[in-house]
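S.K.: If you want the building blocks of each chain, they are given just below.
Number of protein chains: 2
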Amino acid sequence: MTHYKLTLAYDGTHFAGYQVQPNQRTVQGVLQKALAKMAKVDHFHIDGSGRTDSGVHALGQVVSFDYPGNIPVEAILRAMNSLMPLDVEILKAEIVPADFHARYSATGKRYLYRVQRGRYTDPFKRLYTGHFPYKLDLDRVRVALDDLVGTHDFSSFAASGGEITDKVRTIYEATVREDVAANEVIFEFYGNGFLYNMVRILVATLLEIGTGRRDVHDFLRLFEVKDRQQARGTAPASGLYLKEVYYDGEQPVR
Amino acid sequence: MTHYKLTLAYDGTHFAGYQVQPNQRTVQGVLQKALAKMAKVDHFHIDGSGRTDSGVHALGQVVSFDYPGNIPVEAILRAMNSLMPLDVEILKAEIVPADFHARYSATGKRYLYRVQRGRYTDPFKRLYTGHFPYKLDLDRVRVALDDLVGTHDFSSFAASGGEITDKVRTIYEATVREDVAANEVIFEFYGNGFLYNMVRILVATLLEIGTGRRDVHDFLRLFEVKDRQQARGTAPASGLYLKEVYYDGEQPVR
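Taken in order, these protein sequences are the chains called A and B.
Here the first sequence is numbered in my numbering, starting from 1 and rising by one per residue.
Here the second sequence is numbered in my numbering, starting from 1 and rising by one per residue.
By construction, these hints were calculated from the structure, which means they are not laboratory data.
Since copy identity is lost for identical chains, a pair holds within one copy or between any two.
Distance condition first, Cα-Cα at most 25 Å in a straight line; then the derived DSS-like pairs of lysine-lysine: (1) Lys92 with Lys135; (2) Lys92 with Lys33; (3) Lys243 with Lys125; (4) Lys33 with Lys125; (5) Lys40 with Lys92; (6) Lys92 with Lys37.
Chain A extracted, bound-state conformation (with noise of 0.2 Å):
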């Protein structure tokens, strides 16, 4: 046995989340599935980083799985990617001890979040953005992001019905930059976990206080309420993507 981690992109938008789910087309599925061909195996199980929901989508998922033999890392990742749908991608295949594990392992993860502006939908970006054609503040945005960073009770941005009682979760990084040229701007989160929905909850809070609609320290407020009702909107799943996942003694790659 060889423990493996691979790292990998993939297009959320004709899949039903990452999960394994029956009767449905899954990442995790489509990747045990794979390589219970190459084991010559019934059922093959892979552990992941986390979900990632129906359309969203990822630039750096990491799953670990033990492997029989000793296979060198460039024939996995070539005969991974010949297995493949071609909505998903294997960028990186490595040896890792043994007690590596994508989720428990995992130290922080970074998420993006793609707005695109302009009046409406752009034909070509429709799955892979959200579209708020409404006029935004970002210096507003900026100053409710400052709020986010650190430590704090995310209750209010957690969709119901995940079984994690404890949501204290710390963000070190919130950004938003504006990209001109695509007519974009782009939300970067980056933290030691985030909750079912969260990084969706907060995008669509964001973009009400950019327009004005909600006070600019609202999130301060959001922390002590702990009532999802409150923060109400859900952005897109098309705009969000899992870009990095980060493990003990790794630097954050920017």
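Chain A is fixed; fit chain B onto it per the hints.
M.R.: Frame of chain A; chain B shown alone:
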């Protein structure tokens, strides 16, 4: 009656091409349905600058039609966009003289072809580029592109099935550039007209010249032999974009 010209962009992935076909989702069909609804009529006919195939995109397709009354262009633009599916965007509406015809008034067209480089298919570009992982010598490609410019018989580069017998066309510009950041090679062709599948066949041939598998001046031979079998391949529809349609008096905008 007022005569209108619309310029539109579409993602061709989920269309069976531009031209109306029974029981198929087509761009012309979607536009005519919206206009019929607006005009409260059963059938509405529009003229397009030309067909694009299934999977082929447009950044600047042009259509023209008569519409009852005298509605301001801004109202037409807003109404049409509100009725369009997310994979079509109306970019511009203009009132034009009654004798303007999207197809017959056109004096030239510009097509763009995006080739994705890199070893494996990028999941986010699979629908918007053609993938070509092999080594390319762009200097050879540029020499071949120079052979294309001018007036030639393109019989070797026309898919069979077209009803057009005159296969002489003039190409004013044929260029290639590398987008290093995007890891793409981008072709542009500007000419007075293009035959069915012509750009895709030209690109496939240019890529073969770029790898060295085909003589650098093979176009000169292919113009002579007038034999579709000699040019062989057709690059995937996903990389092709109708970028702009030109009309008398308009200067090409790069």
